[in-house]
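Top line first, the protein sequences correspond to chains W and P. Heads up: the first sequence runs through residues 1221 to 1678, numbered per the working numbering. Heads up: the second sequence runs through residues 1221 to 1678, numbered per the working numbering.
The set of hints was computed from the structure by calculation and includes no laboratory data. A few of these clues could be false.
[To be verified] Restricting the straight-line Cα-Cα distance to at most 27 Å, the calculated cross-link-like pairs of lysine-lysine (DSSO-like) are:
no., chain 1, residue 1, chain 2, residue 2
1, P, K1300, W, K1476
2, P, K1300, W, K1229
3, W, K1300, P, K1419
4, W, K1349, P, K1300
5, W, K1229, P, K1672
6, W, K1316, P, K1259
7, P, K1316, W, K1300
8, W, K1300, P, K1672
9, P, K1386, W, K1300
10, W, K1225, P, K1480
There are 2 protein chains.
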Amino acid sequence: MSVEKIPYKIYLEESEMPTAWYNLRADMKNKPAPLLDPKTHKPMTAADLEGVFCEELVKQELDDTTPYFEIPEEIRNFYKMYRPSPLVRAYCLEEKLGTPAKIYYKFEGNNTSGSHKLNSAIAQAYYSKKQGLKGVTTETGAGQWGTALSMACSYFGLDCRVHMVKCSYEQKPFRREVMRTYGATVSPSPSMDTEVGRKILAEHPGTSGSLGCAISEAVEVATTTEGYRYVLGSVLNQVMLHQSVIGLEAKTAMDKYGIKPDIIIGCAGGGSNLGGLIAPFMGEMIRGEAEYKFIAVEPSSCPSFTRGTFAYDYCDTGMVCPLSKMCTLGSSFIPAANHSGGLRYHGMSSTLSQLYHDGLMDAISVKQTEVFAAAEYFARVEGTLPAPESSHAIKAAIDEAIRCKETGEEKTILFGLTGTGYFDMMSYEKFHNGTMTDYVPTDEEIAVNIAKLPHVEE
Amino acid sequence: MSVEKIPYKIYLEESEMPTAWYNLRADMKNKPAPLLDPKTHKPMTAADLEGVFCEELVKQELDDTTPYFEIPEEIRNFYKMYRPSPLVRAYCLEEKLGTPAKIYYKFEGNNTSGSHKLNSAIAQAYYSKKQGLKGVTTETGAGQWGTALSMACSYFGLDCRVHMVKCSYEQKPFRREVMRTYGATVSPSPSMDTEVGRKILAEHPGTSGSLGCAISEAVEVATTTEGYRYVLGSVLNQVMLHQSVIGLEAKTAMDKYGIKPDIIIGCAGGGSNLGGLIAPFMGEMIRGEAEYKFIAVEPSSCPSFTRGTFAYDYCDTGMVCPLSKMCTLGSSFIPAANHSGGLRYHGMSSTLSQLYHDGLMDAISVKQTEVFAAAEYFARVEGTLPAPESSHAIKAAIDEAIRCKETGEEKTILFGLTGTGYFDMMSYEKFHNGTMTDYVPTDEEIAVNIAKLPHVEE
């Protein structure tokens, strides 16, 4: 099919939508390291994890050999309400940049949660409901995950308790209200309602919270409340599995039109979108069937890939969760208060960390004022107002396209546009007013937190 | 094609998208009455209107004989960035309601402006640019139109000045910020910057503004600033023409799957969505080719169809605009302050008013607490968080579906889901907190304003 015939937006037919999630770990030569018990430092077994996660999700979490997991019909039906998401050819952006590059983005923001998070939320809610649970607990930072989970729980009639990082809770009342529209209970974190919350508040009075704190609280509530389990929107293997629907759809759409990306770009906080987007392409590369360049883009204020260390660390600030081997800045690292939006997690998916460690993926960090400049540029040219998180990928994609202009290379770029920025206008306002600043942690600041990593003998 | 095969979302191919707008007036037996000069009460000529609107739009405004206007390629390319919009089969809603009715909605909210308003904004910006104008002025109430116009102007490099109803300007800072992201200048209305603004403020000190006031200000700025014209997001014939793209896409999608709606429902403020959605169906009915039941749904706090009068009236509060023959509550009518969202215009499209007057369309009014209850129900069941405006149509569609359940009729219902509610969370919050109230104007209140209508001899 000729290039001229590629539409602005490629929508798959329902019949072309994936019917199974792809488990990249099955194809990885070096598997991601197992989760360890935070006390004994022994690998967590299914039995250990079942107090925290529901059974089916524990299976998915631990399985690194089964390449495909069938998507249950109930989840596929829910997916049909907002998927397939469009694969968009950024014709206007290409023209404006005057680049010979061909730019595509997989747009995951066209659902009420405003991001790709719904792909895993609905799966986790489904398995929780199937196990007969009463409800689930979780944390949310920027609010995308909390919103997605609220929607998913509302659909299956599950109770949903969201611990929202305090600064977001206060700065984003409308996010909170969307979650309430879907029937969720939303509390600011840290709170005095949990033991770990009281401990954190005693040690850091007046803290505005962090994702790591909120995770600790949500896990405590889940493990001490009858009929509840904990769910998480990123980092975990199961989340990468569910999010593979992004990459599978993107690949099917590209294959259908005979398009092969040269560069695949995704923003990275805990890795849920990046892991999902790259999964089938990375699988191909590992199996020696194709070559791609993968680029993870992270904020310079929270640079776990580019300046972290690859080691076992706690997944949460309260150090109650299992240890995960990952690119980490140390569980005590908290991004500077001027950092807007998500991508503020101290660690990273262990799968992606392993791929990065093995040299299968690049990573770069970008400053937030550059990110918002790219966001505004993109909004004006392509029409869609992007989330700050997604705009990290936009920034990198634009830079690659400009490089193509300089070299004359007609590369094909695919990036993940994970969500919309409707609830981030306070940050956009700062950018417009010129009051937005950048933050790059000093080497010393990074070293201090990494020095606190648990000592694990491997 | 069997019912089972209808997907959750029907997306047309690019090649199936409309290439011409449909001008319903060409098929109407009783044409909408002409606009009159507010001073002489003589029909406005093209020359009269060209000081306010750009030339091509004046032609479209006055033409009631040409059935189709080709959509220029530049506009079709822009449409491809966010259209075709999906025609959604509300399987989940049907199941939840237990109705034999088949419910479809045409969802226009999947673009950054969050509503259908972009369909006309891009057309008006295009013709303004083509005429070599520097910029355009407009008013916005809830903010959807202002956002859409900002996006459209940014795309064509036109200056955009938005007069935003003061209460919205203050209550919706994020809407304002989206417009600024697209480079628009946004001022609260009424302001001291215009003669009419100063006059209104002198007469009504401390007023929180109205759409009618903001129109007066925007028209004044357009007609007194070199290289500027005024644009409007609803009411006008040209807007109905551009918005016909909604109905044309919906009809093509339905025809493709052999679906024929029995009932077509749209919310109505100035009529832009309703007029666009029903256009090709109404055309068929007028030509005697099919039968449909059309229902306009308006807020009980601003009931121009159901409690207004069909007469010539000013389009704006400042009485500087032409007179239009329409269903009106009187240009001095201002909806109660507790009314949330848009649909707060005192009048109505003259085309729709004529159709209603001729008995070709029904209209009902609904209370806002019922509307928000329907909105929340819909959000939980269908996933999409609707705008308050759109939720008027949801409320009516649900009521029709429940009626089908009672009678056992398998009617096919089509309604317009005009937009999303991301910027309306303050109203949702009131609804959740139980502080939202309803308002129904008294007969006396309505009579007082209608008594002030201009006396026009026809």
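Taking the hints in turn, this is what the structure says about them:
no.: 1; hint: P/K1300 to W/K1476; in the structure: 20 Å, holds
no.: 2; hint: P/K1300 to W/K1229; in the structure: 8 Å, holds
no.: 3; hint: W/K1300 to P/K1419; in the structure: 54 Å, violated
no.: 4; hint: W/K1349 to P/K1300; in the structure: 40 Å, violated
no.: 5; hint: W/K1229 to P/K1672; in the structure: 51 Å, violated
no.: 6; hint: W/K1316 to P/K1259; in the structure: 47 Å, violated
no.: 7; hint: P/K1316 to W/K1300; in the structure: 17 Å, holds
no.: 8; hint: W/K1300 to P/K1672; in the structure: 52 Å, violated
no.: 9; hint: P/K1386 to W/K1300; in the structure: 40 Å, violated
no.: 10; hint: W/K1225 to P/K1480; in the structure: 31 Å, violated
In summary, the numbered hints that this structure violates are 3, 4, 5, 6, 8, 9 and 10.
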